[in-house]
Amino acid sequence: MSRKKRQKKDKRVKYTSVNQVPGQVTYVGSKESVAPSVEIINYNKEKVTREDSNDVQNAFNFNGTDDITWININGLNHTKEIEKLGKHYKLHQLIIEDIVNTQQRPKIDDYEGYIFVVLKMLYHDAQNEFINEHLSIVIGEDYVLTFQEADGDVFNGLRERIENANGRIRNSGTDYLLYALIDAVVDNYFIIIDTMSDKIEALEDSLFLENPEEDLSHDIQDLKREVLKIRKAIYPLREVINRLEKSEHQLIDEKTHSYLRDLQDHITQISENIEVYREMIWGLMDMYMTTISNKMNEVMKVLTIMASIFIPLTFMAGIYGMNFEYIPELQFKYGYFYLWGAMIVVFFLMIWYFKRKKWL
Amino acid sequence: MSRKKRQKKDKRVKYTSVNQVPGQVTYVGSKESVAPSVEIINYNKEKVTREDSNDVQNAFNFNGTDDITWININGLNHTKEIEKLGKHYKLHQLIIEDIVNTQQRPKIDDYEGYIFVVLKMLYHDAQNEFINEHLSIVIGEDYVLTFQEADGDVFNGLRERIENANGRIRNSGTDYLLYALIDAVVDNYFIIIDTMSDKIEALEDSLFLENPEEDLSHDIQDLKREVLKIRKAIYPLREVINRLEKSEHQLIDEKTHSYLRDLQDHITQISENIEVYREMIWGLMDMYMTTISNKMNEVMKVLTIMASIFIPLTFMAGIYGMNFEYIPELQFKYGYFYLWGAMIVVFFLMIWYFKRKKWL
Amino acid sequence: MSRKKRQKKDKRVKYTSVNQVPGQVTYVGSKESVAPSVEIINYNKEKVTREDSNDVQNAFNFNGTDDITWININGLNHTKEIEKLGKHYKLHQLIIEDIVNTQQRPKIDDYEGYIFVVLKMLYHDAQNEFINEHLSIVIGEDYVLTFQEADGDVFNGLRERIENANGRIRNSGTDYLLYALIDAVVDNYFIIIDTMSDKIEALEDSLFLENPEEDLSHDIQDLKREVLKIRKAIYPLREVINRLEKSEHQLIDEKTHSYLRDLQDHITQISENIEVYREMIWGLMDMYMTTISNKMNEVMKVLTIMASIFIPLTFMAGIYGMNFEYIPELQFKYGYFYLWGAMIVVFFLMIWYFKRKKWL
Amino acid sequence: MSRKKRQKKDKRVKYTSVNQVPGQVTYVGSKESVAPSVEIINYNKEKVTREDSNDVQNAFNFNGTDDITWININGLNHTKEIEKLGKHYKLHQLIIEDIVNTQQRPKIDDYEGYIFVVLKMLYHDAQNEFINEHLSIVIGEDYVLTFQEADGDVFNGLRERIENANGRIRNSGTDYLLYALIDAVVDNYFIIIDTMSDKIEALEDSLFLENPEEDLSHDIQDLKREVLKIRKAIYPLREVINRLEKSEHQLIDEKTHSYLRDLQDHITQISENIEVYREMIWGLMDMYMTTISNKMNEVMKVLTIMASIFIPLTFMAGIYGMNFEYIPELQFKYGYFYLWGAMIVVFFLMIWYFKRKKWL
Amino acid sequence: MSRKKRQKKDKRVKYTSVNQVPGQVTYVGSKESVAPSVEIINYNKEKVTREDSNDVQNAFNFNGTDDITWININGLNHTKEIEKLGKHYKLHQLIIEDIVNTQQRPKIDDYEGYIFVVLKMLYHDAQNEFINEHLSIVIGEDYVLTFQEADGDVFNGLRERIENANGRIRNSGTDYLLYALIDAVVDNYFIIIDTMSDKIEALEDSLFLENPEEDLSHDIQDLKREVLKIRKAIYPLREVINRLEKSEHQLIDEKTHSYLRDLQDHITQISENIEVYREMIWGLMDMYMTTISNKMNEVMKVLTIMASIFIPLTFMAGIYGMNFEYIPELQFKYGYFYLWGAMIVVFFLMIWYFKRKKWL
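Chains as they are written, first to last, in the numbering used here: chain A, 24 to 383; chain B, 24 to 383; chain C, 24 to 383; chain D, 24 to 383; chain E, 24 to 383.
Worth double-checking, as some hints may not be accurate.
No copy labels: a pair is met if it fits in one copy or bridges any two.
With a straight-line cut-off of 20 angstroms between C-alpha atoms, the simulated DMTMM-like cross-links for lysine to aspartate or glutamate are [what the hints assert, rightly or not]:
#1 Lys110 / Glu186
#2 Lys252 / Asp217
#3 Lys107 / Glu183
#4 Lys252 / Glu262
#5 Lys378 / Glu321
#6 Lys324 / Asp238
#7 Lys113 / Glu277
#8 Lys252 / Glu298
#9 Lys380 / Asp238
#10 Lys103 / Asp221
#11 Lys222 / Glu249
#12 Lys255 / Asp217
Since the hints were made in silico from the structure, they are not lab data.
Given only the sequences and the hints, what does the whole structure look like? Please build it.
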């Protein structure tokens, strides 16, 4: 990956919300959608209805029934609509702020009557580009709200399972839907770390090439940065799931705990893999150093061999290029050929010497 | 940044208070203001008054009323005035000592009737210079005292919100003002670590230049030092906010806790970022090493190519510069041109060899 | 080990179960056996019967008696059969999923009436190839189920002891068989880390060779990867055994605890050894770096000695190869021999100089 | 600092007390004073008396009164006298052993009726030499015993404050004197780590010199050793002060706790600084490596430039030194000048090439 | 230390007990003594008897009296005799296994009526060879059993103190003897780490030599291995002593606790020293790297100086060796001497240049 390309893709989001009133709702991310896209899925054991809309107002019609209503908002830049939703469900002002603050790290907050979870959705989109999307989930007694930064997510399998009548999801409460949402996100982490593993292997293979086209240290540093970023996105989720699993909130059903324990296993496994990859990447820099040194060794050997062979020979030729009045060898009939003989002997002595040193 | 400049800016404050009586009030910082600047903001739900003065005595007139009085002192070298204030509010002698001791690390002390918080205000002033200012806050039932090393702070947004009638701050107690003060400080940390991130990227880019003008290892070491200093200033604050959040002191209202939890999230996020930057900076030194090694490799290749091509050719020329009486080739009519032919063949053989080795 | 060979052997298993319904049973490993091989050992104090079958149905005949029934399944790709078994013993759906998910890390789950343990069986098979096999154990009141990825395991010694009438195993419950199974697995870890130790020593010896045939940094990196993988497989088992030892599950007899404590000692010892080997391997890269540098030093010395000796001599010869009309030395009768004398003096001066510098 | 000097100053104390009876009192340090110097300070609110003596017996006269008696012994080699003192105050035999064992690490032991504290007094004496002195403190109801290895300590300020009638120290119990003693020791640690900081800066500056006179890696290693030693002396004191602060021993007054908390802050700050310095020193070695590599790069460039310019030119001269019968150029009238022209062109081409590569 | 020698001394013990019945007694060490040497010391306040024997049976005569009986077995290969002893004192089968398993890490096990401690005895024997001996101690109400791998131990001082009537040991119970035994072992650790410190210093001195005879990286790696091994032997003992100190086993007398606390101090101090040495050894590799690089720098300088001086001079000589028909300088009367002048100027210019660069 060239440096230029990386810098374009990697446009950092600055913390522009500094010096604002606490609790003020300002979107700081870079993804903007024209209209908020609101997706409302209402289901119970018997039936499912799904409605797409541009106005959160439509979602409120479903509320108050015995069904579970999943309202999914795409586009965090429409802070007004999100505040309207927050007011309807009586969410704390700080929660609204966290929903639109894409810098917020993964966390869980228990409130009277609802649970608030923030996490990071990492996935490769249709164009195979790496997406790090801020995702907030609020679950209440009979509603689940999800807030995403932009269109596109990892919940398509989940939507199918809801529509599919005979799944466990249709027979469970909002806590199971929360579990299913987090599970879908965590499942995608596995793909992300698989990609990481592929990149490490590709770099290791590059280190074998005789003459890598560019300085690989920047690629290794980029990989370090990437693994550190992924770790930052994923690690706090361990604590989140841990607290969910231990939670005695009235919304979390007893039966859901074994599913959460399973999730905990997965996130621990991912964390362990990330640590392993991190150590591998750190090792790559050492490998690169030795590769460079090995190459320099080879360059030096070529120079040393060439110089060591021809410098003495040139000296010998120089001797008989001198203009002394009396150089007896010059008068020998075959002096020239004797010298060639001596030179060939010297030449093979040097070759033998370098062979013995295993430089040839 | 040149070395000279760094050393001037970086004038270290020595621990000159050594061997003094414990509890003795001595200012050890380097920033001196001529007169202590006292700023008194008195507010309640209905009205705000603000008065700037040079005498702390003026502040006491406001005290004793039902309003909240925020007294802000700029200039810690006026220890007499600070002691006068301390006596008025019956602060412990050790607190007065900590207020003027700019070496004091961030901490929180609960006392009967008041809470004492020390933290570090990091910001870039109007001249864009990095400022590390010692800040102490004392809150009581109806007063908030803040002590700053020098003029200039990060509280302008906060002052506006106090003057603005409809904010939450006017309807809350001193604990909310404490939160708002710390929040303003923490918000500025985000800017500081953003600057850090920019510096790291600038250094990474410098490492790409063919021939960086100076030894970058000192810049990297400076950056290490800087991140270590920032970490030292920020890390203890985590513990401070953590203890505030868990505190059951009568001054901390129940409703303030959720704001403090939010603050805790922010400071954790900052700490995580600092750790990431720290790892990136450590990686920079490795990158620099490989950059140097890569350059040396290139230098060596040029030398090896030049020497390997011309040393054998010079030897061939040397052969026919010899003065032997009988060198048959010298009598050949086109001997000179044959030799040129041989030399050109050798030349291209070497070129081909180096091409195959990918050195050209 | 050549790079090619490593890559073939090391075919990574991708996380293909992503985006599936939680609790869905899909085998993700790479080892496939044609028919599930079911081995049923039924024993009590008096007698042992053993039956090999291809149908788990046969195992159920043994159930319900007073004996202990050990059912061992080889081949996790036959998910249907495993589900049948799970249904018979009323195992939780998540357990069935974990049994066939070879990516599952070692863990223990307590359930009402049974205990579920996952661990990794590491051993060298008959062809001396390293095998990392996913092993799940379920123990109930009178049955022990073990699920292995493929044929071949480390339990042959255990089978003999069961057949041998007078062992403790025949007089104990399923908890002791669980201990004995884990103990057999852990005992094999000792062999694995012994092999690791041998590889480290072999690499250290390779570093002594004058001219190692290939770039050793990849072998060292491979070894790092290997020790990290083994650590990932073994470390979680510490927690598993720890929880078993502290468990108050009704299935774990009081007397078994001292055996579990012993097991705990063993796994701790293995972990400590792995840490030591890890540090040794990290040190290997440093050793390799110094080895390369030492070699380059030697190459440079040869070049420097050759060049330093012959360049001045060539210059001296060059002087008297000049065609000035008047060079007095050229007319000396023995000028040529005088020059030889001077050259020999220079030669020995250089030799002496390099001897004093200890380069020769 | 030269290597020789370091080794003289750094004479290690061997553990010569090995294989002795536990509880046997043997001094293992290297500092010997001819006679034990006993300093007895007796004070209460009204008056102070001070007496210097060579016999501990004199100290006992003061005992039993209502005053506080501070007995300070210099010279741990006089084990007999120390045992006499121990018997008088009924100290445990192990305490006596620890008082004279200069290898004992900082610790605190609570006993019925007295508290025993061991710490390390680090300071620069009048000759500016670094002193690491073993200091033991025992406090009882009305006495404080301090045992120092040699003359000279950091308590002069404290002595003055005792003599000065109006200090807090005269109005407090032995616990405050204990605090004041530890505080004086900790205050000096700040000076020690300031010196450390100066040394690091000096080394960083040395790394800038074109040609440092000696191998700096030993100075860096010495600094590492020093910071590790200081850390070893200081770190355990954190635990000591922590336990003092939490202690509910009847000798520790309620009011003293806030002073101890202050002390805790100081020692934490020192520990944090030591960690920062440690990281800086580790970074120094990397800087040194890059400095060496940069220098080698420069050396190589000079060689490459010289060789690359003159080797082709020498070859060109060699061509026309050949003795072929027919070399057309030799007959050209201005052939010699044409060649010079060609040589100058080649010369400037090389210069241009190296300029473009930024090597010149 | 040469590589060959190390490998001979370092013959690793393989884990040959794998796949055995748990609780089966198999000696896996390498030290074999022909007959078990049994040493029986029986003592009370009044008298001591000592008997050496080859049959453990003799030891049982002493048992059952009011005295304390210390039975010391040398030679773990005589598993039969050890089992006999175990049966007599009713020791658990797993203890017997641990006594002969020299791979067992230090641990403590409390049983009803007796305490079992495993530790490692590290010392230099009469031939100054490093011995790592497996030592097990069992104490009961009136007996102490010690099991050593071979003859020779660190308890001679202890035996003398037992024979010496007036020591504390004769008046205390088996718990004090246990303390005294561990204390003797720990005291020897101090000697071991002193030796380690000497080796580090010797290596540091070797790094100063101009031309160390062999590649030191292996010696450094050996030292790393050694410190890791010692750490592995010593660290678990901290936990053992810690649990002993906190133990409320009826065999541990109240008064013994202060001695155990003292022991705890010692082992902590040793652990801290090991950590310091470990960091120093890791630093050694860096030092070695810089030493190599510095040497290469010097080699390169010699080459560069020689080449830079003589290559231009050779070129100048080459110019006037050309055979052009018209080279005006050749006809100058003193052309030869003018050229020498120019050469001398060039020579000193180069010398001056290198002096200015501080390379000379």
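(request) Since the copies are identical, ignore which copy is meant and state whether lysine 113 and glutamate 277 lie within 20 angstroms (CA to CA) inside a copy, between copies, both or neither. (result) Answer is between: at 19 angstroms across copies they meet the 20 angstroms cutoff, but 26 angstroms inside does not.
(message) Please sort lysine 110 with glutamate 186 into within, between, both or neither, judging by C-alpha distance up to 20 angstroms.
(response) neither (29 angstroms within a copy, 27 angstroms between copies)
(request) First find the shortest C-alpha distance between lysine 107 and glutamate 183 inside one copy, then the shortest across copies, and answer within, between, both or neither for a cut-off of 20 angstroms. (result) neither (29 angstroms within a copy, 27 angstroms between copies)
(message) Regarding lysine 252 and glutamate 262, is the shortest C-alpha distance of 20 angstroms or less found within a copy, between copies, in both, or in neither?
(response) within (17 angstroms within a copy, 24 angstroms between copies)
(message) One pair to classify: lysine 252 and glutamate 298, alpha carbons no more than 20 angstroms apart. Within, between, both, or neither?
(response) This pair counts as both: shortest intra-copy Cα distance 13 angstroms, inter-copy 11 angstroms.
(request) Using 20 angstroms as the alpha carbon limit, work out where lysine 252 and aspartate 217 are close: within a copy, between copies, both or neither. (result) both (15 angstroms within a copy, 15 angstroms between copies)
(request) Pop the pair lysine 324 and aspartate 238 into one bin, within, between, both or neither, using alpha-carbon distances up to 20 angstroms. (result) between (23 angstroms within a copy, 16 angstroms between copies)
(message) My question is about lysine 103 and aspartate 221: at a cut-off of 20 angstroms on alpha-carbon distance, are they close within one copy, between copies, both, or neither?
(response) neither (42 angstroms within a copy, 33 angstroms between copies)
(request) At 20 angstroms max between alpha carbons, let me know whether lysine 380 reaches aspartate 238 within a copy, between copies, both or neither. (result) between (31 angstroms within a copy, 17 angstroms between copies)
(request) Please work out whether the CA atoms of lysine 378 and glutamate 321 approach to 20 angstroms or closer within one copy, between two copies, in both situations, or in neither? (result) Close inside one copy (14 angstroms) and across copies (15 angstroms); limit 20 angstroms.
(message) One pair to classify: lysine 222 and glutamate 249, alpha carbons no more than 20 angstroms apart. Within, between, both, or neither?
(response) both (11 angstroms within a copy, 18 angstroms between copies)
(message) For lysine 255 and aspartate 217, with the copy left unspecified, which applies at a CA distance of at most 20 angstroms: within, between, both, or neither?
(response) both (17 angstroms within a copy, 16 angstroms between copies)
Consistency note: the structure conflicts with the earlier hints numbered 1, 3 and 10.
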